[in-house]
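Peer 1: Two chains, each in its own frame: build the complex with the hints.
Protein sequence lines correspond, in order, to chains A and B.
For the first sequence, my numbering gives the first residue as 1, with consecutive numbering after it.
For the second sequence, my numbering gives the first residue as 375, with consecutive numbering after it.
No false leads were slipped in.
Here are the in silico distance ranges between beta carbons for each label pair: (1) B:Asp829 - A:Asp171: 26 to 32 angstroms; (2) A:Ser78 - B:Pro555: 30 to 36 angstroms; (3) A:Val56 - B:Val799: 19 to 25 angstroms; (4) A:Ala267 - B:Gly605: 39 to 45 angstroms; (5) B:Asp829 - A:Asp42: 24 to 30 angstroms; (6) A:Leu316 - B:Phe529: 43 to 49 angstroms.
These aren't lab readings, by the way, just hints derived from the structure by calculation.
Note that the Cβ used here is the ideal one computed from N, Cα and C, for glycine as well.
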Amino acid sequence: MSIKKSLVTAGAALSALPIVALAQNQVNMSPGVTKVGAEIYDLHMLIMIICIVIGVGVFGVMLYSIVYHRKSKGFVASQFHESTKVEIAWTVVPFLILIGMAVPATSTLLEVYDNDDAELDILVTGHQWKWRYEYLNAEGENVSFFSNLATPQEEIYNSEAKGEHYLLEVDEPLVIPVDTKVRFLITANDVIHSWWVPEIAVKRDAIPGFINEAWSKVDQEGIYRGQCTELCGSYHGFMPIVVHAVSQDEFQGWMSAKRADKDAQIAASSVDLSLDALMTEGESVYKTQCLACHGGQGEGGVGKAISGSSIAMGDLGLHLDVGIKGVAGTAMQAFGEQLTDVEMAAVITYQRNAFGNNTGDVVQPSDVAQHKQG
Amino acid sequence: MGDHHHGPAKGLSRWLFTTNHKDIGTMYLWFSFAMFILGGTFAMIIRAELFQPGMQLVEPGFFNQMTTLHGLVMVFGAIMPSFVGLANWLIPMMIGAPDMALPRMNNWSFWILPPGFLMLASTLFMEGGAPAFGWTFYAPLSTTYAAPSVTFFIFAIHVLGISSIMGSINIIATIMNMRAPGMTYMKMPLFVWTWFITAFLLVAVMPVLAGAVTMMLMDIHFGTSFFSAAGGGDPVLFQHIFWFFGHPEVYIIILPAFGVVSQVIPAFSRKPLFGYASMVYATAAIAILSFVVWAHHMYTVGMPVAGELFFMYATMLIAVPTGVKVFNWVSTMWRGSLSFETPMLFSIGFLVLFTIGGFTGLMLSIAPADFQYHDTYFVVAHFHYVMVAGAVFSMTSAVYFWLPKWTGRMYNETMGKVHFWISFVGFNVTFFPQHFVGLAGMPRRVPDYALQFADFNMMSSIGAFVYGASQIMFLYNVIATIVSGEKVSDEQVWDGAEGLEWTLPTPAPYHTFEVPPKIEATPAHG
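Isolated chain B (complex conformation) (with noise of 0.2 angstroms):
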C-alpha cells in the first residue's frame, strides 16, 4: 500500500472527520432513515388521533405541531438526505470517479444537517410547542401568530438549505468535472442524469426559501411587513415565494427516485432501459416545467382568471414528459426476461401506484375542479401516493439493490418480498380510502371530523400502522444483512445489473477507482 491507499480511520474521528464519499454517504442513509422513523412516530400520533372521532389522545395544537413535524421531518430529514446519501456512493462509482469533487465540503454538508434537526426538534419542548402551522407555513399563521419557537425554525430551515445547496454543488462539481475518460454526457446511467438535473434545481430554489424564511424573520422581530396587509404587504406574495421553492422542491425529492427505479428496472428485466435519450429529454423538461407551475397550489387564493388558466395549462402539460417516463419503463419490463426479487418488486411498486399519485395530479390540475379538491384529504392522498409511493418505495429498492454491492453480503430475500407485500398492502389502506374522504368532503390538516368520515379514517390507521410496523422488519433485514448476511463475492451481484459500480470488487473497497476506468465505445445504459 503507497501513502494514499490507507483505509479508513479507527473510531468516531473515522465519522467525524471523514472525506469519504462511501462513509459520508453511508452517514446520510442512516440518518435519513433516523429522520424516517422519527416523522414516522409523528405520523402513527396522527393517525392514532384519527382513528375515531372526538379528541382522545391529544390537544389539537399539538396534533398541528405533529402535522407540521412529520410534513417537515419527512421531506428535509428523510427523503432528500437519503437520495443524497445514495449520490455520495453512487455517482463517483457510476462516472468512474476516485470520489467527490469537493471532499471536506461533503462532510460538512452532512455535519451541519444532525445539528439541524436538533435545533428543530428542540422547539417541542419549547414555551409555546413547535411550529403548527403546517409544513408549508402560510403567513401570517407563521409569523404574527405562531409560537416563540418560529425563529428556531427558521434558523434551523436556513440550516438545512446551506446542506443541500452545499450537497449540490458537489454533485454538480463532481459530474461535470470527475467522469471517467469516454464517460460521455449521454453514456451516463440515469441516475446520474436524474440528480445532475435534481442538483440545478436545488441550487436554483433553495435560496428562495431561504430569502421567504428570512422575510418572515425580518416580520417577526425586526418589524417589516412583507406579509402582512396592515403595513403594506401581502399574505399571498409568502405562498408565491413558497410554491417558488415548492414545487421544484417535489420534483427534486422523485427525479432521483426516477433515477433508481431506471437502473433496477432494465437490471431485472435484462433488457436496456427503453428510450434511454427521451428518458433524459423527459427529465430535463418535467424541471424545466416545475419552475412555471407553482401557482397550482394556489387556485383558490382569488388569482386573475388569465393566471390560473395559466397555471392549468403549463401544470397539465407535466402529465406529457411524466406519461413518456411510464411508457419508457413499461415498454423495457415488455419482452424482457423478467425476475421479481425484492428491489424489482419495490420499483413495480412504485410505477403502478406513482402513476395512480400522477393521474389524481392530472385531476388537481384542472382549476375549476381543484376548488372542491384543494385542501381536502384527496390532496393528502395524491401527494404520499407520489412521495410514500414514489420516492419511499424507490429509496427502498435502492438500497436493497445496492446495499449487496456495498457490505459484500446479501439480504434475507424472503424477508425482503416480506417487507414489499406488507408496505404494499399497507400503504394502500393507509392511502387510497382517503381519496374518498377528501372527495366526499373532509378537509387535511384536521384533528377531529364529521362521523360520515369515521370508517375510512380507521381502516386509514389499521393501514398506517401495518405501513410503520413494516418498517421495524426492513430496518431488521439491513442490520440483519450487515452483520450475518450470507457473503456475495460476485462483483455483478445480479446478472442483469449494468453499469461501471458492478465493475468493482464486492463489497466495494474503501477507495474505488484511483485509476480511470476504460469506457467502452457503446454506450452502457441505451
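Chain A with its partners taken away, still in its complex shape (with noise of 0.2 angstroms):
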C-alpha cells in the first residue's frame, strides 16, 4: 500500500510540474490585442494545423513502411518506380491547398498595409541602442522623449537577482491611447534597428534615411512589451520597448503632463545647482547613458576611458562638444538632444569630478545652454 501510495504522490508531483512550468513558457504566438493582430494569429493557426495534418499523412505512411516493410521481416521489394497519375495529383493538389493559403493571407496583407485616416502619429527613431518617440500631429506643441533600458546593470550581471520584467523594462514608455488608430512612422538614425511588440502586433524595420509606415489600433488598456528585432550591434538585445495603452482621457492628461515638464525642464536649466545636485544627478545620468560603454569605474570599453581622459580632465568646451555633438564615425552619440540641459551639465561634471578626475569643474545648465548657442 505504501509503495502505491507514493507512487501516488510522486506522479501528482511529477504531473503538477509540466503545468507549473507551462505558465510562464508560452509555446505559441499571441493573438494580441488588435483586431489586425488576431487574423495575424488566425492565419498562423490555419496554415500551421494544414502543415500538421499533411505531415502527420506523409509521416504515417513513412511509418507503416517503416514498420511493416522491413527486410528483416522477409517483405519483398516492389519495383515500381512511377505512376503519372499520382505524380500529377500531388502536384495539383498543393497547388489548390496553396491557393486556398494565399486568400486569407491577401486580405490580412492588404488591411496591415493600410495606413490611412491614422488620428494619432508617432515618429519613432531607433538608435544605438534606445528608441526616441515624437508625437506629431497632437493639438499643440510636439512632444518627445527618449526611452532607455531601465534593467540595472548589476542584474544584467548577476550580482542582483533579476527583476520580473528583466530586459523588457523602460525609465520612459511609450503612451498610447486605445481605440485610436495609431500611426508609427518608423526610421533611425545610425544603423537598421527593427521596432517590433508582438501583442499590438508591428513589426517594422528602421532604417536611416528612410521612413517606413506601420499602424495599430489597440482594442485593450494594459502594458505590452517588445524588442529591436534587426542585429544593430553590441547592445541590440538591450533596447526594449514598452508601450502602455491607456484611455484617452489619461492619454490627453499624460500628454498634458509631458507638455508641462518640458517648460519645467527649461525653467530648470536658468536655476544653478551645487556641485552635490549635481554629481547625484549626474551619477544616474552616467548609469542610464554613459556606462554600458564607458565603464562602471569609468575605465572603457567600446568607448575610451573617461577616468583619467584628455577630454574629461581637459578643455571643458571640447568636453561639452563630445557630449553635444558626439564624435562622428564612432559609437559616440550626440547627446545634446537626447538629454535635458540639467542632465548635460550634471553629467559632465559628474565626469570631471568622478573616477578620479578631481578637476573640481562645475558645469551649470546654463553653461551648456549657452555651449549649445555657440
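Peer 2: And the structure:
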C-alpha cells in the first residue's frame, strides 16, 4: 500500500511540474490586442494545422513502411518506380491548398498595409541602443523623449536578483490611447533597427534615411512589451520597447503633463545647482547613458576611458562638444537632444569629478545652454 | 604499369600538388570537418552564454562575433566545401570519368580555401574584434559601423567565392564533357543531377556576392555611398543584393543533400527511386524559383504591397516541387525491403526533419504572419531544421554510405547507430524548443533574454552540448574505420546500392575508369 501511495504522490508531483512550468513557458504566438493581430494569429494557426495534417499523413505512410516493409521481416521489394497519375495528383493538390492559403493571407496583408486615416502619428527613431518617440500631430507642440533600458547592470551581470520584467523594462514607456488608429513612422539614426511589439502586431524595420509606416489600433488597456529585432550592434539585446495603452482621457492627461514637464525643464536650466546635486544627478545619468560603453569606473570598453581622459580633464568646451555633438564615425553619439540641459550639465560635472578626475569643475545648465548656442 | 599508371606521390607533395579528384575530395572533406568543429565550437560558446539569463561568459560584442563567425564558418567553411568534396570523389566515379575535367584548377580551388579561412579567423585577434554584424552582414552595420577587420572579411569572402566559382565550373565541365558513352543526361544518378544544377546556381550568384562585398569595400574605403542614404544610396539595396545571392545559396546547400538522399534511400529500400524524371524536374524548378523569391527574407523592410504579394506567392510555389520530392522519397520506401544501417537512419532523419523545416518555411512565406516570425528564434529553428537536419544529416549519411568504398573498410555499425540516435535526439532537444521561444517573442542574435524564455533556452543549450559531443563520436568512428576498420572487398558493399561507383573495386583505386565503362541500355535509376 505504502509503495502505491508514494507512487501516487510522486505521480501527482511529476504531473504538477509541467503545468507549473508551462504557465511561464508560452509555446505559441499571442493573438494580441488588435484586430489585425488576431487575424494574423488565425492565419498562423490555419497554416500550421494544414501543415500538421499533411505531416501526419506523410509521416504516417513512412512509419507504416518502416514498420511493415522491412527486410528483416522478409518483405520482398516491389519494383514500381513511377505513376503519372499519382505524380500529377500530388503536384496539383498542393497547388490548390496553396491557393486556399494565399486568399486569407492576401486580405490580411492588405489590411496591414492600410495606413490611411490615422488619428495619431508617432515618429519612432532607432538609436544605438535606445528608442526615441515623437508625437507629431497631437494638438499643440510636439512631444518627444528617449526610452532607455531600465534594467540595472547589476541584474544583467548577476550580482542582483533579476526583476519580473528583466530586459523588458524602460525608463519612459511609449503611451498610446486605446481604440485609436495610431500610425508609427519608423526610421533610424545610425544602423538598421526593427521596432516590434508582438501583442500590438507591429514589426517594421527602422532604416536610416528612410521612413517606414505601420499602424495599430489597440483594443485593450495594458502594458505591452517588445524588443528590437534587427541586429544593430553590441547592445542589440538591450533596447526594449514598452507600450502603455491607456484610455483616451488618460492619454490627454499624460500629454499635458509631458508638456508641463518640458516647460519645467526649460525653467530649470536657468537655475544653478550645487556640486553635490549635480554629482548625484550626474551619477544616475552616467549609469543609464554612459556606463555600457565607458565602464562602471570610467575604465572604458566600447568607448574610451573617462578616468584620466584628456577630454574629461582638459578643455571644458571640447568636453561639452563631445557630449552634445558626439564624435562622427564612432559609436559616441550626439547626446545634445537626448539629455536635458540639467542632465547634460550634471553628467559632464560628474565625469570631471568622479573616477579620480578631481578637476573641481562645476558645469551649470546655463553653461550647457550657452554652449549649444555657440 | 604504364607511364600514366602511377600511384600517389609520397609525403606532403602528394597533397599540395595533387590533381587527383579523390585526393582533392578527401582534402575538401577533412577541411570541411575541421571547419564544422570550429563553427561548432562557436555555437557551443553561444549556447553556453544563453544557458541562463544574464551575461555570464562573454561580453555582448564578442557574442555577436560568435554568431557571425558561426554562420559564416558553417555555411562557407563546413557545408559548402563538404559537398564539393563529395562531388569531387563521386561525380567522376558515377559518370564513368577518369577524373575531373579541369584537374589543376581543382587543386587551386581547394588550396585557396585554407588561406581564405585563416584570413577570416585571424580577425578574431584584431583590434576591435572579428566581424560582429551577423552572417548576413547588413549595411550600414557592416560598413560605417564595422570594426576595421571588416576589410579582411571582405577579402576572405572574395577568396571563398573564387574557390566556389572555380569548383562549379569544374563540375559543369566534367558533367557536360566527361560522361561515359551511353551515360545520357537522363541516366545520370540524381546526385550528379543535383550537383549539375547547383553548380549553375553557384556560377550565377557568387559574383553577385562578390559585387556586394566590393560595394562595401568602396563605401568603407573609397568614399562611395552605395548603402548610405546620406550620400544618395540605400541600405535596403544591400539586402536586395545579398538575398539575390543568399536565397539561391540556401538551395546550393540543400540540393546536393537531396542528391545524396536520393541515392541512399533506394539503396536501403532495395527498390528504384520513385519518379526519377520528376525528381530532376523538381530540382530544376526549385533552382529557377530560387531566383525570384529573395525578398521573402525582407518582408519587414517596408516594400510596397505589390512586391510583398509577388514574393509571397512565388515563395509559396516552392512548396510544390519540394513536396514532390518528399512524396517521391516516401514512395520509394513504400513496399520496399527496408533495412536500417546508419546511412539509411541519417537519410530518414533528414526526410522527417527536413520536412518539418519545409513546413515552417511555408509558414514563414506567409507575409503577414512573417511580421510576427521575422528575426525571432522561430526563424533560427526553421533554418537549422533545413541546414543541420537537412544538409548536415545528409552529408553524414553520405560519409557512412561511401566510406567503405573509399577506404575498403567498414565503419563500426553499432557506433554509427548510436551516433545517429544521439544526434537525432540532441538536435531536436536543441532546436524544437526554439520554435516556442520564437513564437513567444524572443528575437534572434541576442546575448541575453527575458526570464520567460529561460527554461526552453536551458533545454536548447543542453541539447546543443549533446549534439556537439556526438560529433566527436563520428570523428572517432571515421578515424577508427580508416585505421583499423574491418576490411571490405565486395565491390557492391551494400546489396541494394546502384550506380557505376559500385562496379569499381573496393577500396576504389587511385585511378578509376581510365577506360570508359559500358553503360547498359536500361537506365540505372528509374
